[in-house]
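Undergrad: Combine the two chains into a complex, taking the hints into account.
First to last, the sequence lines map onto chains Z and R. With this note's numbering as the guide, the letters of the first sequence map in order to residues 1 to 224. With this note's numbering as the guide, the letters of the second sequence map in order to residues 1 to 227.
I should point out that these hints are in silico values taken from the structure, not numbers from a laboratory. Any given hint might turn out to be false.
[Claimed, not checked] Pair by pair, the computed Cβ-Cβ distance ranges are:
#1 Asp162/Z / Thr132/R: 21 to 31 Å
#2 Pro118/R / Ala201/Z: 13 to 23 Å
#3 Arg50/R / Ala201/Z: 45 to 55 Å
#4 Val219/Z / His20/R: 51 to 61 Å
#5 Asp162/Z / Ala227/R: 31 to 41 Å
#6 Gly32/Z / Pro178/R: 46 to 56 Å
#7 Ala174/Z / Val37/R: 37 to 47 Å
#8 Ala216/Z / Thr132/R: 33 to 43 Å
#9 Gly24/R / Asp11/Z: 53 to 63 Å
#10 Ala78/R / Pro82/Z: 26 to 36 Å
#11 Gly65/Z / Ser57/R: 23 to 33 Å
#12 Glu55/R / Asp76/Z: 43 to 53 Å
#13 Val180/R / Val219/Z: 22 to 32 Å
#14 Arg219/R / Ala171/Z: 47 to 57 Å
[To be verified] Chain Z is faced by these chain R residues, among others (derived, beta-carbon under 8 Å):
#15 Tyr66
#16 Thr67
#17 Thr90
#18 Gly91
#19 Ala92
#20 Thr96
#21 Ala97
#22 Ser103
#23 Leu106
#24 Glu107
#25 Glu115
#26 Phe202
Note that the structure is a prediction, hence the values are computed from the model and not measured. Note that the Cβ used here is the ideal one computed from N, Cα and C, for glycine as well.
Each chain, letter by letter, is given below.
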Amino acid sequence: MSRAALLVLADGRFPAGGHAHSGGAEEAVKAGRITGAASLEEFCRGRLHTAGLVAASLAAAAAVGVDAVALDAAADARTASPALRVAARKLGRQLMRAARATWPSGELDELARRFPKGAHQPVVLGVAARAAGLGAVEAAYCAAYESVSGPASATVRLLSLDPFDATGVLARLAPTVDLVVDRAVEAGRRVVGGGVEELPAGAAPLLEIGAEVHAAWAVRLFAS
Amino acid sequence: MHLDHAHTHNGPSAVSADAHRPDGSRRALRIGLGGPVGSGKTATVAALCRALREELSLAVVTNDIYTREDAEFLLREAVLPPERITAVETGACPHTAIRDDISANLEAVEDLEDEVGPLDLILVESGGDNLTATFSKGLVDAQIFVIDVAGGDDIPRKGGPGVTTADLLVVNKTDLAPYVGSDLARMAADAKAQRAELPVVFQSLRSEPGVRDVADWVRAQLTAWRA
Ligand SMILES: Nc1nc2c(ncn2[C@@H]2O[C@H](COP(=O)(O)OP(=O)(O)OP(=O)(O)O)[C@@H](O)[C@H]2O)c(=O)[nH]1
Ligand SMILES: [Mg+2]
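Isolated chain R (complex conformation) (with noise of 0.2 Å):
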C-alpha cells in the first residue's frame, strides 16, 4: 500500500505495513518472536536487548495473553527503558493477533516509532502459542520461531507453520537436553528436512556464547532491510 507516500508528517498513518513512514523515512526492521508456552521468547528478546542496544535503536511490543507478564519481566530486567516496552491486549487470543487481525499490533509499533523513533528494530513477541501460530507479513519483516528441547525432541519432526517456514528457528535450552533424554543431533536432523536451507539455531542462553547466534542473524537482517 502506497496510500500514504504523499503526505507530510502531519498526515495520516500508514494503513499497513508500507516499508515507509508518514514523513518518507524508512520505518524500523519488525522481527516477530513466536514459538511455544515457556520456550524461552522473552528471554531471548532480553538477552537480544542486551546484546544489541548499544549500537542500535530498540523497542519490544508483547503480546501477553491474559497478563503483563513479559513486558514486566522486560522492565524488571531493565533491559530498556520503560517507554520502549509496549504490551499489547490480545484477548485470549494471542495468534489472532499477531496474524488475522493485526491492528492491535500496528498500532503499537506505529506508536513506539512516533514518540521513542526513530528506531533500527522493534522485536515483537507472541503470547506462547501452539505450533500453527505465525506472524502476519502485514506485521513483521521477518519471524523467529522459538522451540525449546523440553518440550520434547519431536517437534522439528512434527513440523507445522512455525517450525517448517519461520525465517529462523531456534531450539532453545540446550543445556537441559542430557537432563531431558533429548537427541539434539536428531532434531538438528528433523529440522534440516522440514526447512531445506533455512537457518536453524541451537542455543543456551545460561551458557556461553548466549544468544550470539541469533543476534548475528538479526544484524544480517538489518542489514538486507537497510540495503
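With the rest of the complex left out, here is chain Z (with noise of 0.2 Å):
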C-alpha cells in the first residue's frame, strides 16, 4: 500500500467533480440549520454517523472486492431521495473518469462499461482504491472525510465562514472518522462472507428530504 497513492485519492483537488456539491450544506444553510462553525460541526457529525457511514461500507466492500453491481444496487436501496441517487451517480461517472486515467485498470474499465452514466459514488471510490493499490480502510478513510470535508468547504463560500474555523471543524471530527471508519470497514469486510445486507442502511431523513428541497431551486451555487 502507498501512503502517498492514498493522498492522491484523498486530495480535495483530485479532478472527480466534488467542487459543485454541498453534501446537503447549501440547503441547510438556508434552512437555517447550518449559521456557524458550531452548527457546521453538528451537521457534519450527522452526516458522518448516517450517510457517511454507508458511503464507507460501501467504499470498504468495493475495495475488497464485492460484486459492484450488488453494491450499487445497496446503495440504491439505502438512498430514499431520487435527487441524491442521481448526484451519487453523476459524482461516480466523473470519479470513474478521473480514476481511469490516473489508475488505468481492467477493473475500473468493467465497471465503466456496466454503468456507462455512473455508479453510485463510493463504489467507484472503493474500486478505484483498488486500481491504485490501497485497501478497505484507505477507501473508507477517503469517504467518511469526503462526506464532511465538502460540506465544510462549501460552508466557507454559502456563508463566508472564516476558512481557519472551518478546518477545525474537519480537526475535532477526526476522532469520530475513525471510529466511523473501523465501524465501516467491519461492515464492509462481512459482506464477503454474508452479502449487501451486512451494510448499514443508517438514513438522514432531513438531508434526504433538504436535497429534494434543494433540487427544485431555480438559484442554486451547488448542484447538490
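TA: Below, the structure written as C-alpha cells:
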C-alpha cells in the first residue's frame, strides 16, 4: 500500500467533480440549520454517522472486491431521495473518468462498461482505491472524510465562514471519522461472506428531504 | 490518452480529450468562450449558432454560476433545438469547472455527441469570471476570450492569461465606445502588444456585420481540425 497514493485519491483537488456539490450544506444554510462553525460541526457529525457511514461501508466493500453491481443496487436501496441518487451517480461517473485516467485498470474499465452513466460514487471510490493499490481502510477513510470535507468547504463559500474555523471543525471530527471508518471496514468485510445485507443503512431523513427541496430551487450555487 | 481505441461503440467512454470517439470516429471540435461577466459571451454564442447552424451540426454547453440563465436565454431565443443545449452546474466556481476539474463538462460534451450527434462543433461557454480564467486543453481545442469596451479600455493592457493566450480575443460592444469613452485604437495597440501574432476581433453585435469575423475564424478552426 502506498500512502502517497492515498493522498492523491483523498486530495480535495482530485478532479472528480466534488467541488460543485455541498453535501446538503447549501439547503441547510438556507433553512437556518447551519449558521456558523458550531452548527456546521453538528451537521457534519450527523452526516458522518449516517450518509458517511453508509458511503464508507460501500467503499470498503468495493475495495475488497465485492461485486460492484450488487453494491450499487444496495446503495440505491439506501438512498431514498431520487435527487441524491442522481447526484451520487453523476459523481460516480466523474470519479470513474478521473480514476481511469490516473490508475488505468481492467476493473475500472469493466465498471465503466457496466455503468456508462455512472455507478454510486462510494462504489466507484472503492474500485478506484483498488486500482490505486489501496485497501478497504483507505477507501473507507476517503469516503468518510469526503462526507464532511465537502460540506465544510461549501460552507466557507456559502456563509463566508472563516476558513480556519471550517478546518478546525474537520480536525475536531477526526476521532469520529476514525470510529466510523472502523465500523465501515468491519461491515465492508462482512459483506464478503454475508452479502450486502451486512451493510449499514443509516439514513438522515432531513438530508434526503433537503436534497429534494434543493433540487427544485431555480437559483443555487451547488448542484447538490 | 488512447486507452479506448480498441473498444467498440459499446465500450466505456473516453477518459480524456481524445480526438476520437469510442467508435473510432472523429469527435466534434470544441471551442470555449470565456471572459468577464456580461461581456457578451452568450450573445456571441447565440449569434454564432444563427450564423453556422445551417452549415454545421452544432451544440452548446453553458456553465452558469448559480442559475440556468445562459441556457434559458439560448432556449428562449431558439438558436438551437433544446436537446442541443446543456447546462453544467459549477458550484460557485466557473473557472474550476473549465480548468481544474473538467469532468462535468467532459460528460456534457460526450453526452451531447451520444444523444444528438454526430456533431461538427460544440461551443462551451464559461460563466463570467475574471481575467485569469482559461479553459483546460483537456476540455477544448481552442478558446475565445470575450471582453467588452465598457469594462474599461485598459483591460488589454492589463493582460492576464485570458487576454494574452486565448486563441482569439474578441473586443465586443464597439457600438458603446463613444458613450463610455473607450479608445478603440489604444485597445487594439495594447492587445497587439500582449498577443503578438494572435488574432483580435473588434465586433458589435448590435450592428452589421455582427459576428461575421468570429464565425469566419470558427470555420477556419474547423477546417484545420478536420485536416
Ligand atoms: N450594446 C451592445 N450590447 C451587447 C453586445 N453584445 C452583448 N450585449 C449585451 O450585453 C449584455 C450581456 O451580454 P451576455 O451575452 O449575456 O454576456 P455574457 O458574457 O454571456 O454574461 P455572463 O454569462 O453573465 O458572464 C446583454 O444585455 C447583451 O444584449 C454588443 O455588441 N453591443
Ligand atoms: Mg453568459
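Undergrad: Each hint: holds or not?
TA: We went through each hint and held it up to the structure:
One distance hint, 21 to 31 Å for the beta-carbon pair Asp162/Z and Thr132/R, holds here, with the actual separation near 25 Å. Roughly 45 Å separates the CB atoms of Pro118/R and Ala201/Z, a value that falls outside the hinted 13 to 23 Å. Taken as a hint, the range 45 to 55 Å holds for the pair Arg50/R and Ala201/Z, whose Cβ atoms sit roughly 53 Å apart. Between Val219/Z and His20/R the beta carbon distance is about 38 Å. The supplied range of 51 to 61 Å is therefore violated.
The supplied range of 31 to 41 Å is broken by Asp162/Z and Ala227/R, whose beta-carbon atoms lie about 54 Å from each other. Hint check: Gly32/Z to Pro178/R, Cβ distance near 50 Å, so the stated range 46 to 56 Å holds. Look at Ala174/Z against Val37/R: about 39 Å separates their beta carbons, and that is inside 37 to 47 Å. About 34 Å separates the C-beta atoms of Ala216/Z and Thr132/R, a value consistent with the hinted range of 33 to 43 Å.
The hinted window of 53 to 63 Å between Gly24/R and Asp11/Z is violated, with their beta carbons roughly 34 Å apart. Taking the beta carbon of each, Ala78/R and Pro82/Z are about 30 Å apart, inside 26 to 36 Å as hinted. The hinted window of 23 to 33 Å between Gly65/Z and Ser57/R is violated, with their beta carbons roughly 44 Å apart. Between Glu55/R and Asp76/Z the C-beta distance comes to about 45 Å, which sits within the given range of 43 to 53 Å.
Checking the proposed 22 to 32 Å range against Val180/R and Val219/Z shows it holds: the Cβ atoms sit about 30 Å from each other. The given range of 47 to 57 Å is respected by Arg219/R and Ala171/Z, whose C-beta atoms sit roughly 55 Å from each other. Evaluation of the Tyr66/R hint against chain Z yields a held restraint, the C-beta minimum of about 5 Å falling below 8 Å. For the restraint placing Thr67/R at the interface with chain Z, the shortest Cβ-Cβ distance is roughly 5 Å, inside the 8 Å limit, so the hint holds.
A distance limit of 8 Å between C-beta atoms decides the matter here; for Thr90/R the minimum to chain Z is near 6 Å, and the interface restraint holds. For Gly91/R, the shortest C-beta to C-beta distance to chain Z is roughly 3 Å, which falls under 8 Å, so the interface hint holds. Hint status for Ala92/R: holds, given a least beta-carbon distance of 4 Å to chain Z, under 8 Å. At its closest, the beta carbon of Thr96/R sits 5 Å from a beta carbon of chain Z; the interface hint therefore holds under the 8 Å criterion.
Because the smallest distance between the Cβ of Ala97/R and any Cβ of chain Z comes to about 7 Å, under 8 Å, the interface hint for this residue holds. Because the closest C-beta pair between Ser103/R and chain Z is about 4 Å apart, less than 8 Å, the hint holds. The interface hint given for Leu106/R is met, as the beta carbon of that residue sits about 7 Å from the closest beta carbon of chain Z, less than 8 Å. With its C-beta approaching chain Z no nearer than about 6 Å, Glu107/R sits inside the 8 Å limit, and its interface hint holds.
The interface hint given for Glu115/R is broken, as the beta carbon of that residue sits about 11 Å from the closest beta carbon of chain Z, more than 8 Å. Hint status for Phe202/R relative to chain Z: violated, with the closest Cβ pair at about 34 Å, above 8 Å.
Checked against the numbered hints listed earlier, the structure breaks hints 2, 4, 5, 9, 11, 25, 26; every other hint is satisfied.
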